[in-house]
Structures are given as C-alpha cells and as structure tokens.
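Asks: For the record, the sequence lines run as chains P and S. Take the first sequence: its letters are residues 1 to 556, numbered as in full-length UniProt numbering. Take the second sequence: its letters are residues 1 to 556, numbered as in full-length UniProt numbering.
Among these hints, one or two may not hold up.
Copies of the same chain look alike in the list, so a pair counts if it works inside one copy or between any two.
Simulated crosslink set (SDA-like; lysine to any residue; CA at most 20 Å straight-line) [to be verified]: (1) K335 x F204; (2) K530 x G541; (3) K335 x S205; (4) K530 x A445; (5) K335 x D361; (6) K385 x D423; (7) K335 x S362; (8) K543 x L442.
It is worth saying that the hints were derived from the structure and are not from the lab. Being a predicted model, the structure only gives us computed values, none of them experimental.
Number of protein chains: 2
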Amino acid sequence: MSSKDKLTYLALGGAGEIGMNMYVYGYGPVGKQRFILVDAGVTFPDMESTPGVDLIMADPAFIAERADRLEAIFITHAHEDHVGAIGHLLPQLQAPVYCRAFTGLIAGNKLDRAGQDLNQIHVVGAWPETVTVGPFEVGFLPVSHSIPEASGLVIDTPAGRIVHTGDFKLDPSPLVGDPYEPAVLEKIGAAGVKALVCDSTNVFSPHPGRSEAEIRPAIEALMKEAKGMVVATTFASNIARLKTLAQAAHASGRTVAVLGRAMNTMIQAGFSSGVLKDFPPIVDARDADEVPRAQLFVLATGSQGERRAASAQLAGGSYMGLSLKEGDTFLFSSKTIPGNEVGVARILNQLSEAGVDVIDDSSGLYHVSGHANRPDLAKVHELLKPANVIPMHGEHRHLRAHVALAAERQIHGVIAPNGTVVDLTGDTAAIIDHVETGRVYLDGAQLIGAMDGIVRDRIRMATRGHAIVSVMLEADGSPIGGAWVETLGLPDGDREEIGALLERALEDALGKAASRVLDSDEALEKLIVKTVQSEGQNRIGKKPLVTVMINRFDEE
Amino acid sequence: MSSKDKLTYLALGGAGEIGMNMYVYGYGPVGKQRFILVDAGVTFPDMESTPGVDLIMADPAFIAERADRLEAIFITHAHEDHVGAIGHLLPQLQAPVYCRAFTGLIAGNKLDRAGQDLNQIHVVGAWPETVTVGPFEVGFLPVSHSIPEASGLVIDTPAGRIVHTGDFKLDPSPLVGDPYEPAVLEKIGAAGVKALVCDSTNVFSPHPGRSEAEIRPAIEALMKEAKGMVVATTFASNIARLKTLAQAAHASGRTVAVLGRAMNTMIQAGFSSGVLKDFPPIVDARDADEVPRAQLFVLATGSQGERRAASAQLAGGSYMGLSLKEGDTFLFSSKTIPGNEVGVARILNQLSEAGVDVIDDSSGLYHVSGHANRPDLAKVHELLKPANVIPMHGEHRHLRAHVALAAERQIHGVIAPNGTVVDLTGDTAAIIDHVETGRVYLDGAQLIGAMDGIVRDRIRMATRGHAIVSVMLEADGSPIGGAWVETLGLPDGDREEIGALLERALEDALGKAASRVLDSDEALEKLIVKTVQSEGQNRIGKKPLVTVMINRFDEE
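Using the sequences and the accompanying hints, generate a full structural model.
Replies: In structure tokens:
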C-alpha cells in the first residue's frame, strides 16, 4: 500500500436512524479510491412525514456519481432494510451483487419485479470462502439473526481488516443456521481487526440476549393448553420462528396452515434454498376450515398491524373462510416496531371484541430479539479486540451509547452518522470529511427527491385543505362573470357553503381591484390567494392552500 | 321509585378507547329519564386518520337532543381527555357544570376562550359534601391521580348508589391532595354500591402501583450527581411531579426555572387554588442563563415530543436564551403515550447529538403512573363490594380484562363500549339498548362530523396527489383551446412534466370524444377523470384525485 492510499468508511443510510442501510467502503488514493457498497435497504413511509410514498431509501448520489469506481455490492441479509432498494437503485449503480443463497433468492425477486437482469447476482458460500473485488477481499461470516443466512462481512484490505457485523445476535442454538461460536470470532480477531463496524440496535437492552430455543417450551405449553384454534403471527422472514411455532403446534397435535402471501413465499424460499428443514406438514389454507378448531394452528402474516395482511383480516372478520371466535387464541410472537403501536392495538381490540384471547409480547415469553444486547456487544468487542469501533444500525443515541460501551474496554469509538467519512487507515479512526446524504422516495413508479416539494404539497393539502380558483378575464382586464371556486378538504361556514363564501369575497375583491392588478397574472394571483386565505381564516379558521387558474381572452 | 323508573349508564366516549371521556347517567321512566353528563373530554388527532383536525371529541348528539332533560354536567378532573371539550360543546348542552376548585379554574379558561359565560361553572367541595340535581345526589370523592383535585363521583339515586371512579390510583403519599384511605372506600361501600364504573387503563400492569413519594430519592440523587444543567419534562398538569422535581432540585442546591406556557399556567393555577404549597422559589426564565449551569434546574413542557414545546426547542437549539451541551442532563419524568414515540425519539436523538445525557422512563426510577394497576383495581373491588363492575377508560381489551378481574371475586361485570345502554336498576346490570355514537372534530373554528367526507378528501389528496383540469367549450360543444391541467403533489414523468403529459392525453381524448359526451357535463367529467387517472397510472404509477372545472360559453 502506498502512503497516499486511504481506507474509508461512509454511511449513506442506517447510521443515525434504524432503517435503509447503505454503507460505502473506499480504498486507494483520495479521488481515485475504489469502492464497495454494503446493503441497499429501505425504510417505510408514514402519513406524518411521507404521505403517498411507497418506499424510502438512502440517496445513492455519492456512489452513483462514482459508479465507475464501484467494484461490487454486498448484501448482508434479506431483510427489507438491507435489500429492499436493490431493484430500484441497481440501474444507477451497475455493479455485481454478492450475497448468500437465501438472500440471493429474495434479491432476485426484487430485480425480477424491477425488470432487471438476474445475472447480476452472484451467490457466495460462507466464510472462509471469500470474493476478491479490486483491493477488497470479502467473506460472508454466518451470524444468527431473525432471517436465514444473515452474515457479517470480513473485509480484508491492504490497510487491514474490517469486520462489518450486519444485523446479528449471539445465539448458541438458533434452530436455523450456524450457532454462535466464540472461537470463530476469536480467530478472526487474532489476525488483527482495524475496525469493527457494528449493529447498535439493542445497546440499551441491559441483559444478555436469549436464544431462539429458549421460547419453544412456553410456546408448546400455550398450544397444548389452548382449547380452540391458535393463530400466531411474526415477521414472515423469521423462518426460525416459523419453525419454532410450527413444531410446537405439531408436537401438541395441531395441523399447521399458513395464511398470507409473504409467509408462503418465505417458507418456499426456505425449502428451495435448503435452509428450512424438519418443518411439519402444511395443510392447504383452503382446507383449514375442515380441521377441528382445537387441532388447528394457523401462521398468519401481519405482526405489525398491516391492514391488508392476514392477521388484520382475521381480526376484522374472516380470511380464506376462517374466522376467530370465543375460545380461540391469538399470539403475537413478535415485537411491535415503534410507530406501529396503533395498528397493532386495532387488531388486539378487534380480537377482544370477538372474545379471542390475545397474547402479546409484553411477557417476553414468546419472542426473542434478533439483535445483540449490550452485554453481547461487549462480548464481541472482547473477542475481536478491534482497534476501533464504528457503531451503525442505530439512531444517534444508540451510536453514542455504543461508543461509550467500547470506551469501557478502552476501545476507541467514533460516532459517525450518515455522511461522515471516517479514515480507517491509521491505528486510530478519525473523521476526515462530511458528504451530503439524503433520502429518495419511490412514489408510484417514480423515484423522487425528499426535498422536491411534492410531498410537502401533499402535507399542506392534507392539513390546510385546497381551494381552486378559476377566473376569466377579457383582453381589457375586466373579469368575465365571477370567480369560480372549488374546494376539497374544507368545512363549510356557519350558514353557507365555503365555496360560495369565497366566491363572494373574491367578487368583492376583484370588483375593487385596480386595473394594474387585473392586468398582471402575478399581482392578480397574489390578490386571489390573499383574499381566499383571509376569508378562510375569518369564516372557518383555516387558511387553505390555493391554486389559481387565470384565463385571459385575446381580442379577436 | 316507581316500577317504571330505570337507572341507566351509557358511554358516549371513553369506553372502548382511551380518550374523549363522556358518560351519561339516566334516571326515570324510559323516554322521560332525567340525565347527568360526566366529563366532556377530547382526544388528539394524527396525520394518519385526521390530518388538519385540531381536536377530536365524542359526538354529543344523544344528550344534545335531550338537553332539556339534562340536569347537570360533572367534571371529574382537569385533564384534557375529561374537560377539553367543555368550551366547544356547552352551547349545545346548556346545563350547569359542577367541579372542584382547581378543575374549575381550567374549565373556566376553556369557557373563556370559547366566549362562554363563566357563571355556568359551580365549584363543589369534597365528599361528603354533595350536590342534588333532579333525582341524582352527587359527591366529589378525592382520589389520587396525576393532577390536583382529581375526583371520583359518588352518585346516589332512588335505585341505589353508583361509584364512578374517574381516573385514579391508590397512593398513600401523593404529595399533592388527600392520601388513599381504605376506610373511606369501605365506608362508601358499606351503604351498598350497585355499580362501580371504573378506570381500566392499567389493568394489564401486574404489580401494585407505586406512590409519588417513592421516586423522590432517585430524582434527588440524579440532581446531585449531575455535573451540568438538569432539565426535566413531564405533563404540565402533573403538579405533584413538578413539586417532586423542584423540591429535589432545591435540596441539591439548584435554582428552579420553568419553561413553557402550559407549565407556568398550571403552576399559577396550583398556587391560586391553594393546592400547590411548599414549592421552592422560581427564578424568572429570562434570568436563568445567569445561574451557573451546575446550579440550575429547568422544568420544561413537551414530554410527548410536541414540536413547539420547550423540550423540543431546547433539543433543537435554544429556548429563552438557554441551550444544552455536553455534560448537561435531560430527564423524561413521564411515560410516552402510544403514538408519540417518534416525536420523543426525535428529541432524544437531537440531545444525543449535542452530547447531553438523556434519561428516559425505561428504568422506571423517575416516573410512576397515575392509574391504578391490576392489584389496586382488585383492592377497590374488595373495599367497595359493588354488585356490578362496569369498566370504562380503556380500549376493548382493557374492558374485557377488567370484567375478567371482577369475575375472580364473583362480581358481575359488563363490557359496555361506547353506545351500550346498561340498565343498573336491578341487582344484575344488563345491556338493554345500543345507541349511535361517533366523533366530532374541531377543525379550525368549525365543528365537523367525522363522516362528512372532508377529512377523507384530505387523506386522498395526501396519498394520491391532486390534478385540477379546466376546460372551456363553445356553446356547440367544441373545446376552446386544450385542457389546462394544474397538479399538486404529483411527481413528473420520466422525461416530461406530468401536467404536460396529462394535457396531451386530454387533448387526444377530447378530440376523439363524441358530441353527446362533450355536451354533457357529467359525461365529460367522467371522461376527463378516467383519462387523467389512466394516464397517471401509466406514466407515474399514481391515480390522482381529479377536480374538473368545465366552462361553457353561451352563444351571444
């Protein structure tokens, strides 16, 4: 390595937030660095800030502008916040995609739906197998998480080794995939780790994480005690959990049915990639209503309260001919993601109305997290002995707490939220630059910029209502008829329609307007907007958004 | 009492949800019953379901239509979900309002702002003092909660006694207000309680509730250990907590400042009503920046992440000349209400970026709830020995769990969500009718119906965007010029503006349209909407909401 070569880390998404992961590693002389991209994830929109938007992803501008120097894209695992953007962004990046087999199936689905070439995906075996792209040698280290074949990346460069954990936990008995083996981490650490770039999600969870195997007995006991039908929901991609639930049901004499497209797709991917074994027989969902209730177990999509998923439909009445009633049991074997509480509570209450016994995650008996807790993170620091810790996959407060945790072991940590360029070349990581980052939205079929104003206009229409004013004027500037006002999202006044009130106010204002105002589109529009907003405020206490359409007739 | 007289309970709001409490008790022959109303609260809007709305309250139609038989309104305490609607609804109800002194100050504020006569408020002392209105004799029983002078109601009627708890906890050392005394409840129960209408908020909390006094030592220790400024936030109306925090600060040698209008108002109401005593001296907020950081304690509004409150402004930079930095401490002495997690996390992360140590409610050390937990509810069942329990102040699942809890003591319970009329005349309460209930929205200055379609249109504009089409036609039906399209909240197409794309599609469609279509406003509008939505779907994957304005010119 030359003295000019730099090894750098940069998060475009995922650091300073939980979601839309996208990380860039660079190696080489500044301005001529070669790059790899790790993950291309999405985050989900909400009515509060992103109404009408379908998906949110990190703005790839930094790497898209340097796509000629992008060697490859590595996907750590198949969760949406790591792989969800690949179909939408790959056209701008034009680089080979490396991942493990199960991840490749899901990524392939996404490329397929976006009309992309599936040959861009290259499946790689587990570490110590590696792929060499430019100055980077990258291996997929199997880790436990809540989806099969989740991987950390061991990234070797001329300037040293980086361990990028992806999402992980330390599970000695994960049911699906390889168990946690301290010796493997120790071996990887023994070669010297320059930087540990590490999941921070659960840094505030004080107790060691629990294994997937630990919840099996409680779930089985619940299945045996339940008198009626049992339905359970969890993330569709949590194949280990699906297996835990289905095996517990089978052991308690229940027949297993699966409701919801996402879950059926994931189970099929589990079978076809070979990661899912020993799954009990599944009865066709259309035949499930013929199984006696006390012998039926249903796996259903929709653990986050999604309105169109199987759980919401079951709670709302029926789905595929099945409906729940007094004596049945519904289990949330999942955590409610912040922001989804209201949707989940809606389901809980609908089930309560039907007399169904609902068991949520508050007891901790039926769900374990897929992320490493605080003591587990400390354990990884200890085993890998990195020179530096760069926390990722966390909000700012998680990154900050994770740096403080590293400091307890005298490990240097850097808080590096999105856009922070960290130099990993020397012994002590240091911030050397900040680049602009942002978000792009998938909106229908288009990618739009978060700052384009499109979504801002939607929010304004939704909070203030919308008044549309059409006026026609003769060539000499005299109005033809009165102004025509249509409104959407506005209440009426005390005694009269708001449209009529606004039309009268405009008639008055236009009648009094000077001819220099009537002759100028700009001045006229200003007068109309001001009149509508002031009359709106006056009559109904609202200043609507105003769209003005001025038609002028030429003299013929 | 005659054999035709019935004693009835009906929730218009607050049963089957947490918020907008409003309960009706009736006594007399059906069709001629006399009524009292208990509470007139609000719930808060969100972008998801109620964009642009200012407040949500229970539809008072049932009682407004019977206002001539409404004897009085009783307000249990001054929280917004119990008193917030009084100024907006009193004009329809026209009945005297009874409450305790502190509640009267807050209710008076609301009437004043709504331009109502303050003389409608009548202040009542604590039980055993009572007020007799028609067939009802009502006493305000002091209970502990998170606001001063919270009260349950002891309602005596010819058919027996009802205890309506309001919001309460069992606190032997509440700091503000009367302590919990089992003997008082026992005495009230000894006379025979026909129905206990009871708060259900914390029925899922398995451990006995803790007293306000219990958190004082931890808070004082935190104040003493903190090196820089300490800021704490909680609900402005939680005057006992403000006192706990301020006294702990004072004991650790800190000067107290109060930031935010709501908190200053509440503290003033506490002083002027006499409920707040022994509060340490308060320094004027404008002089707070002259106090050395290590000796300053700031109480700030905004525990729920409200964007304009003092906490959000401090987190975002500065407020009243104060700003937070490394070494300072920020304490959330409050619970985050479901739905507010995202706003609170925004503050947590901004403070983290500034290097401030944030302490949230996850440890349970610095906050206690104002509601009775499961064992406390059981204790009240035991002390009052009611013939029936009617759970209220809870979602359906809370009501259901509370009925199950009553059943453990062989007490008959009735799940009676909003609109359920329960007959309390006999020994066993029974559902005898269902009436229509709903919500009304305060929208700017107007009250609108939830089902009016106004908010639905806002949501559609926000999720789908809005296209406005103006066309002009000659009297013979031939279009003058092309269609004019303005759009709001829509992205452009791949290579062209969406407005231009839609105008071209409309030119094409209008050119091909039969004259019977061009001659009919209805048919023409249909064609325009269809054309715009199909072109939108085709070009940008979105079907916008369409407003059509057709101008036809008469022959002159």
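Asks: Please write out, lowest number first, the hints stated earlier that are contradicted by the structure.
Replies: none
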